[in-house]
Every structure is written in C-alpha cells, then in structure tokens.
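Enquirer: All chains should be built: construct the whole structure from the sequences, respecting the hints.
Spelled out from the first residue to the last, the chains are:
Number of protein chains: 2
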Amino acid sequence: MLMTEIEVKVPESPSDSYKVRIGSGMLGQILSKVEDDFGSRGLFVLTDSNVANAGHLEKLLAGKSVPHFIIDPAGEVSKNISTVIAIIESMEKAFLGRDTVVVALGGGTVGDIGAFAASIFKRGVPVVQIPTTTVSQADSSIGGKSGVDSSLSKNAFGTFWHPSAVYVDVETLKTLDDRQYRAGLVESVKHALIADSEYFEFFESNIDAILSRDMEVLSKIAKKNCAIKASVVEQDPTEKNMRRMLNYGHTIGHAVESASGFDLLHGEAVAVGIIGAAIIENKMMLSDGERIGRIRSLLEKLSVPVKIPAGLDRAKLLEAIRRDKKAVQGWPNFVLLSDIGKVYCTEGQYAVKVQQQVVEQTLDELAT
Amino acid sequence: MLMTEIEVKVPESPSDSYKVRIGSGMLGQILSKVEDDFGSRGLFVLTDSNVANAGHLEKLLAGKSVPHFIIDPAGEVSKNISTVIAIIESMEKAFLGRDTVVVALGGGTVGDIGAFAASIFKRGVPVVQIPTTTVSQADSSIGGKSGVDSSLSKNAFGTFWHPSAVYVDVETLKTLDDRQYRAGLVESVKHALIADSEYFEFFESNIDAILSRDMEVLSKIAKKNCAIKASVVEQDPTEKNMRRMLNYGHTIGHAVESASGFDLLHGEAVAVGIIGAAIIENKMMLSDGERIGRIRSLLEKLSVPVKIPAGLDRAKLLEAIRRDKKAVQGWPNFVLLSDIGKVYCTEGQYAVKVQQQVVEQTLDELAT
Chain A
-9 MLMTEIEVKV
1 PESPSDSYKV
11 RIGSGMLGQI
21 LSKVEDDFGS
31 RGLFVLTDSN
41 VANAGHLEKL
51 LAGKSVPHFI
61 IDPAGEVSKN
71 ISTVIAIIES
81 MEKAFLGRDT
91 VVVALGGGTV
101 GDIGAFAASI
111 FKRGVPVVQI
121 PTTTVSQADS
131 SIGGKSGVDS
141 SLSKNAFGTF
151 WHPSAVYVDV
161 ETLKTLDDRQ
171 YRAGLVESVK
181 HALIADSEYF
191 EFFESNIDAI
201 LSRDMEVLSK
211 IAKKNCAIKA
221 SVVEQDPTEK
231 NMRRMLNYGH
241 TIGHAVESAS
251 GFDLLHGEAV
261 AVGIIGAAII
271 ENKMMLSDGE
281 RIGRIRSLLE
291 KLSVPVKIPA
301 GLDRAKLLEA
311 IRRDKKAVQG
321 WPNFVLLSDI
331 GKVYCTEGQY
341 AVKVQQQVVE
351 QTLDELAT
Chain B
-9 MLMTEIEVKV
1 PESPSDSYKV
11 RIGSGMLGQI
21 LSKVEDDFGS
31 RGLFVLTDSN
41 VANAGHLEKL
51 LAGKSVPHFI
61 IDPAGEVSKN
71 ISTVIAIIES
81 MEKAFLGRDT
91 VVVALGGGTV
101 GDIGAFAASI
111 FKRGVPVVQI
121 PTTTVSQADS
131 SIGGKSGVDS
141 SLSKNAFGTF
151 WHPSAVYVDV
161 ETLKTLDDRQ
171 YRAGLVESVK
181 HALIADSEYF
191 EFFESNIDAI
201 LSRDMEVLSK
211 IAKKNCAIKA
221 SVVEQDPTEK
231 NMRRMLNYGH
241 TIGHAVESAS
251 GFDLLHGEAV
261 AVGIIGAAII
271 ENKMMLSDGE
281 RIGRIRSLLE
291 KLSVPVKIPA
301 GLDRAKLLEA
311 IRRDKKAVQG
321 WPNFVLLSDI
331 GKVYCTEGQY
341 AVKVQQQVVE
351 QTLDELAT
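Residue numbers (the working numbering), protein chains in the order written: chain A, -9 to 358; chain B, -9 to 358.
Careful, some of the hints might be misleading.
[Unchecked claim] Each pair of labels, with its calculated beta carbon distance range:
#1 197(A) with 89(B): 38 to 46 angstroms
#2 348(A) with 57(B): 32 to 40 angstroms
#3 253(A) with 57(B): 33 to 41 angstroms
#4 316(A) with 230(B): 34 to 42 angstroms
Hint data in this document are derived by calculation from the structure and do not stem from the laboratory. C-beta: ideal position from N, C-alpha, C; glycine also.
Expert: Structure, rendered in structure tokens:
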C-alpha cells in the first residue's frame, strides 16, 4: 500500500495521537490494515447511501463479511440523534462489545455521526475515519470534533473524540458530484490563506489539473491540508484560541449558509464568507487592497459564489451572525488575515472585534 | 461551610482532577460555591421526582431561579436515551450554551444520566455531582462513568466523564427509605473488604449508630468511601486492571440482580455476591474459613439478603454470569480476597479465573 503518513499529535493525551495515511486507490486494503493494527477487535462500518451507491462500500469491504450500517437518506437531514440510536442498536444486534472499532466511510456527515456514535457506545470505542469528499478530506476528518443535531439546533449533541486513524484515498473523489467537489475545495483554499502562501500559489498555478481531478495534484493537496490542519489542532486541540483561525471565512459563511436555508453548500457559503473577511480586512487597513482580487479570482475559477445570493433576507443574516455559536455577548469575533498565509493576531488573539457597522457595510458590498 | 475535602487525581489528565467535599447540612450553600468556582457560567440542575419530593431540590436552589429538570418517574425506568434527549432539549430551551455547568442532585441514576448529558451537550460541559443516597455517596458519584440504557441493554450509551466537583451532604440520607439506605451501605462494606480492615472493624463496632443514621458516623463513612474509591480510580481510571477490584461481589451480584428481574436492589444483590465470593475463597483455600462468618454477620445486621432468593431460575443465573460485560470468551474472571482489607492478586491480576464447576457449587450453597 503506497501511502504518505502524517502524524497528528494530541498533546493533552499523547497516547491518543494518530496517523493520517494518504494514498490513491488503496480502499480495498484498509480493513485488513485496521484488523492488523487493532488485533482481534470487531469491526463495524458506517457509511451512507450515496457512498454505497458510488461503489465505495463494496470496494472497502473487499468481500469481507463485516457488520455495517448505511445512513439513508444521506446528508444533513439524517444527522440527528435518532440516526445515532439506530446505529448503536444495530451494533448491539450484531453482538458488538467494547472491543469494537467503528470505521466511518463518507463525507463530513458520516464522519461526525460515526465519531459521535463511537464516542458514546459502551463508554467509547475507537473510530477510524475514511473521508471521501473534498471537504471531509481537507477538514472534518481531522480534529476530533463529533456531533449531531437536535430538533432545535446544530451539533447540540457532540463530543471531542479523536480518530484512531484516518485514511485518505483521493480516488474516492472521482465519483463526487461536481458541485460538491468544487465547494469542498474552498476549505483547502482557506487552509492556504491562513497558513501557507506557497500553497495558495500552487492552487493558482494548478487550477486546471485540480478541476480535472488529477490524482497526483489531489494527493499533494490532501497532504498539505492534513499537515496544516494537524499543526493547528495539535497546538490548540480544544479551541481555546489558535484553532479559531480555522474559522476564517466561517462567521459570515455560516450565517449565509443558514440564511439561505442551506440551499448553499457549506463550502459555497464559506467562499462568500472569505470574500466578506477580505472586504473587512480592506476596511480595517489590514490589506494592500490587491489581495482580495487574487482570492476572488481563484474562487471564481472554482465556480463557487463570491457574493451573497440575491433575495437573501438581510435581517435573517444579521440575526444568524448574532447567534454565531462563538459569539460573546451577542456579537462574534472575526478571524482576519494580515497577508496571504498569515492570520492577523493582536494581543495574542486570533479572533478579533469588528464593529457591527463595518460588518453591515460589508454585507451591503457582498450583496451587490 | 464546614467540609472535609478529598482530592481525586486524574493521572491521564491532571487538569481534570477534582475535589470531593463532605459535610452535613450544607446543601443550601452549594450553588453559590459552584457559581464562585465556575465564574459566570450558567447553571442547570438535574434531579428526580423522589429527591424533589423529599425537599432536597428546594434546599439546593435556596430561592435562586435556576433552570432545572425533574426526571419523572424516578429510577432505572427513566435511565434511557429518551430522557437524555428531553434534558438536552430543555437545556437548549433555557438558552444554555457551552458555558453551562450541569448540577446532578440525586442517586446513582440521576448521576449517571447527568454525567452523560453533560458529556455530550455541545461537545461536553462540566458536571457537579451531589449524591443523595448511600450507594451514590459511596460509589457512583466518583469515578467518571456515565451511561444510560438502550432498549436492548444496560449502559449501551455512555462515556467516561469525570465530575468537576462532588458534594456529599450526609444529611440528605435522612429522608432515604430504609431499604434503599441499608442496601446502599453494602457498597461501603465492599470498600472496607477490598481495602481497609480497620474500616471493616469500624463498621462492626458502630453498626447501631450507622443504622440510626448518626450524622457524625455517616460523615466518617463518607470520607472513608471517597478516599478508597478515589485511590483505586486514580491508579486505574479506565479499568485496565486494578479498578476491577471495585467489582468485588459484583459478578454473582449482577447476575442475581438481573435474574431477579431487578426485584432485588443493586446493593442487596451485591450482598449475595459478596457471600458468593467468600464461598469461592473458601473453596480455593484463600480463606481461613472464619472470614465468611464475620462478613455474613455484618451483612445480616444490615438486613440485606445473604442467600439467593427462593425461586430464582438457576439457568437464567448462569446465563447472566456468562453474559457479564467483563466476560472474556464467555466466562468472567472473579475478584477475590486474600484477607479482609486485601484483594487476592496473582500474576499482577486483580480478577482471576474460577472454574465453572466451583461457581456452580457456590450457587448451590448460596441457594440453601
């Protein structure tokens, strides 16, 4: 199995450190490797109907008879506590015990649900993540956040539960639908913006190969993403401060996503949020004024929105910003850049105050 | 507030260490102390209808307006995932966020549910335990286990989630019904048996004061229990080996509890299990033969059963022993004593193999 390994350290609990293994076309060999690594533990595979229909479940199982659960319908609509209950009862019906390893094959939703189910099954069993989308390979499979929604809010139920291993097979991206594929790359652009100007230039120079899903280029992107995310998460695993930089573009992004009634994909909304942050940077004299052009140009090549969609309710948008889960006294702090590859950090804080008036002006500019 | 403090260390994560504070009649002062200790965090109190009806909730709130949830009906019947969902949605409706502290006031069930709800609410918030029963004060409030049942098995959902503080007010024991009170003391006898022969003698000499619920004697018992449990849990927080000694009397005990259809209280079943272990010790030449008489005599003074109740299905009992959650290849290991106050430890193991035939003979003797 030809793979690159990146270790993610978990400083508060070194024995929880884990490896991200990146390769192309190794899906069929992963379960044997997991069995070798975990001894005689029982495996349980979790996936969703989209991933199963794309043939990835069959490839993963490689003829093995392993108990599994297919989340159906796929997507956010199933990311709730009822799905978790069904999964855990299905694990019990398969006579699985504390010596189980949950293997989560799929996008961010499958990963979040799988990590949460593993974290609460009989006081916690290991989870192995196999992300299959641009967004989960770049972002959600590393970092140890898990969660599902209640009837009232997103991620009302959740835990911090680090994966015991992550396998990124970039070949799974081949079957991803085009809109999902492009939107997911926005998280990679975000990583470049907050941490690595050369990586941003790589994106600019290789955009055609990226869009044609060249496996070699995608492997390079996967490695860069994992290295950046791992480095940030290692330094601040429970989001006391530095990890907030991963929230770049997400404050306005989440609000746009929510105010659109989730018509926009997460990555699409974050693209709008990144341009929003860039406008704020201009207004706060944190930019030479040229940066925003480079960023907008790259995002436009990904065919993701760079403006607030017409018809979005302005009051709803402001309300969503106020309800941001990281808000303090009703108004969130913003992550901003001082340069491409560098987050603006003042008084040791990676998320800074921005006046409401500045944000409102930014929303006006983003809508026209 | 006059209190004794015992610190429980959590070696794998020193910042999770916490204090057990033991006193008498300090219930009304605890919430102010919690507010002082946790800054401006929002409080949420969880209890059950029995505890509320006994007046303890009112005493705890002391006129403060704090959002709270009363589990109704009280007891195991409500220890399930639906109750947890209702609790978390009630926290959301009270606009509580990540800066919440859950305060669990009640017996083991309230403590288990409260710790579990706290551990999964928005990726985990602190829980403060205020145990109000002999069994929870002795046992379940320390140690960081949480859990609720699924429709198929006990504690199918659960986490390890250490309390941020424990307050033991022995005065809450005054309102406990007599059967619960006596049964709960069995866990204290177990602590004496596995760790402290002087503590066992204290029990023998002070049985009348204990049964008349003398507050001073109960404070002493609470302190001893916490010190013993804390010491064991500190040395083996996730039950790799030494912590298993807390399982003394529980292998047969759990089976008797389950085969009785939960007609027996946990402590009552553990009393039978302790005598069972003592019979095994005799058979395996681990005892002078006199020990069992002292133990039986003390348990009889507590008016808890020391025999398997008539009519209990023998096959069910054996089946329950086989299904013990700590069983390896269909047969559990047993914790045994080499002396009062000392667990038999061979080849570094605190739970040892006992032949099925020996256990079957023991069940025969326990039934007559």
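Enquirer: Could you work out which earlier hints the structure fails to respect and list their numbers in ascending sequence?
Expert: Every hint satisfied by this model.
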